[in-house]
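A.B. asks: Each chain is listed here by its residues.
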Amino acid sequence: MSTEAMRGYVGDALRRRADAYGWDALGVVAGMAARISPAGPSELALRACRAAGGSEEAAYPAAASLHALHVAIHMVDDLIDGEERPTLELPPGLRANLALALQCIAVEVLAAAPPELRAPLMLAAAAAGRETARGQELDAAGADDEEDYWRIVEAKTPPLFTAALRMGVLSGGASPVVAETLAAAGVPLGVLVQLGDDLGDVMGEALHPDWERPGDNVALRFALEADHPERDRFHALVPRAADPAARAEAREILVRSGAFSFCVHHMRVAADEARCAVLLVPLTDHAPVLEMIDQLAAPVTELLAEVGVEADELEPALV
Amino acid sequence: MNRVSIQQFRAALADPADPSGALRAYREIARRPHPRLATGDWIPWGAAATAGWIPWPDPGAASTRETGARFAAWGDWSGPPADSSAAAEAAGPCTLQPAQA
Chain E
29 MSTEAMRGYV
39 GDALRRRADA
49 YGWDALGVVA
59 GMAARISPAG
69 PSELALRACR
79 AAGGSEEAAY
89 PAAASLHALH
99 VAIHMVDDLI
109 DGEERPTLEL
119 PPGLRANLAL
129 ALQCIAVEVL
139 AAAPPELRAP
149 LMLAAAAAGR
159 ETARGQELDA
169 AGADDEEDYW
179 RIVEAKTPPL
189 FTAALRMGVL
199 SGGASPVVAE
209 TLAAAGVPLG
219 VLVQLGDDLG
229 DVMGEALHPD
239 WERPGDNVAL
249 RFALEADHPE
259 RDRFHALVPR
269 AADPAARAEA
279 REILVRSGAF
289 SFCVHHMRVA
299 ADEARCAVLL
309 VPLTDHAPVL
319 EMIDQLAAPV
329 TELLAEVGVE
339 ADELEPALV
Chain C
32 MNRVSIQQFR
42 AALADPADPS
52 GALRAYREIA
62 RRPHPRLATG
72 DWIPWGAAAT
82 AGWIPWPDPG
92 AASTRETGAR
102 FAAWGDWSGP
112 PADSSAAAEA
122 AGPCTLQPAQ
132 A
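Top to bottom, those sequences are chains E and C. 29 is the number of the first residue of the first sequence in the working numbering; add one for each residue after it. 32 is the number of the first residue of the second sequence in the working numbering; add one for each residue after it.
Just so you know, these hints were derived from the structure itself, not from any lab. As the structure is a prediction and not an experimental result, all values here were calculated from the model. Where is the CB? At the ideal position from N, CA and C, for every residue including glycine. Don't take every hint at face value.
[Claimed, not checked] Chain E stretches covered by chain C per the calculated footprint, using a threshold of three residues with CB under 8 Å from any CB of chain C:
| id | stretch |
| --- | --- |
| 1 | 120-130 |
| 2 | 265-277 |
| 3 | 290-302 |
| 4 | 310-319 |
[Stated by the list, open to error] Residues from chain E that keep clear of chain C, each with C-beta distances beyond 12 Å, as calculated:
| id | residue |
| --- | --- |
| 5 | A80 |
| 6 | G81 |
| 7 | E136 |
| 8 | A140 |
| 9 | R158 |
| 10 | W178 |
| 11 | T209 |
| 12 | R249 |
| 13 | A287 |
| 14 | E338 |
Full structure from sequences and hints, please.
C.D. replies: Here it is as structure tokens:
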């Protein structure tokens, strides 16, 4: 699978636009293409295209569109969250401005797709941006309860995943019905990634804004709400999370209380739902997309192996 | 989608009478002081567009692909998401056999 060739195409597509204006910040985004994640949306589009029997090159316009969207979404997310280390070192207003440009470019680059695919691909890219923006607004309002948390997660994170699957498989020649069906796998995939994100945000050493909004992080919410012996202590620690020692103690409680395990469980469930949703779709080859799901779920798989429970002991087969 | 709630999960975790393999694994994770604390390990996608550009997972790592034969421990798989198309419904429930093009 030629991830490198895709990265080159995506970088060139953005660099041409940056060079046309001498636009340095856009040039930086073009440079990011050289390090597009092998577990990112552009790669997922390539894999969906292959799954439909298409050539990888057929998905390059979609990959470029998804990279532009992905960066734009992260830039806006940084602004909303007040990240101290944003995606690009620009004043906030200029980051919002560049994100606007990237959203337009995400549609513009799809003009390179075959004529019959341009409209559906452009609509998919536009929908991903619109739906993510709506999810961001819900997220900014905060989750009132656990049910609200899950509703926000499903609104905010999956649209880019569903778009990647839809755009990739359309690029590979699949019918709109097949594309719509495969896109459904993007919902559990988005949930899987968001749960990993939640864990990473609080289990790492750095102070993350989630500590100030604990109801919006499912691991923190668990330790605050579940009936466990250290709940009162956790309540006392969260307001002091800026103190590294308090944060370290809180992280240990996240593990002991079962918050970490809760995330692991739901990551397993989400990965299995995604696999099942993919297997339901009539594709030429399911493996490229299934392998990506496995990559995304690999930390969970490895952790379960580390604790010594064999895969066949974990659960009964689906009934 | 039926999800195991925070309270349900905590109650099951604290109930030693439940012998399921999954809960045994979750209890073992909760007993370990620092399972997988490396931040990048748990940020599979979001990191791709951040300043750090943490690659995740190792692209050179061998695939751990299975065939979809592992499913939720507590039966909370309730079919494909609600927005699946009629084609998915026509395909029927997941039988672990890939649909053919």
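A.B. asks: Confirm or reject each hint.
C.D. replies: How the hints compare with the structure:
| no. | hint | in the structure |
| --- | --- | --- |
| 1 | 120-130 | violated (count 0) |
| 2 | 265-277 | violated (count 0) |
| 3 | 290-302 | holds (count 8) |
| 4 | 310-319 | holds (count 7) |
| 5 | A80 | 8 Å, violated |
| 6 | G81 | 7 Å, violated |
| 7 | E136 | 19 Å, holds |
| 8 | A140 | 22 Å, holds |
| 9 | R158 | 15 Å, holds |
| 10 | W178 | 6 Å, violated |
| 11 | T209 | 5 Å, violated |
| 12 | R249 | 7 Å, violated |
| 13 | A287 | 9 Å, violated |
| 14 | E338 | 8 Å, violated |
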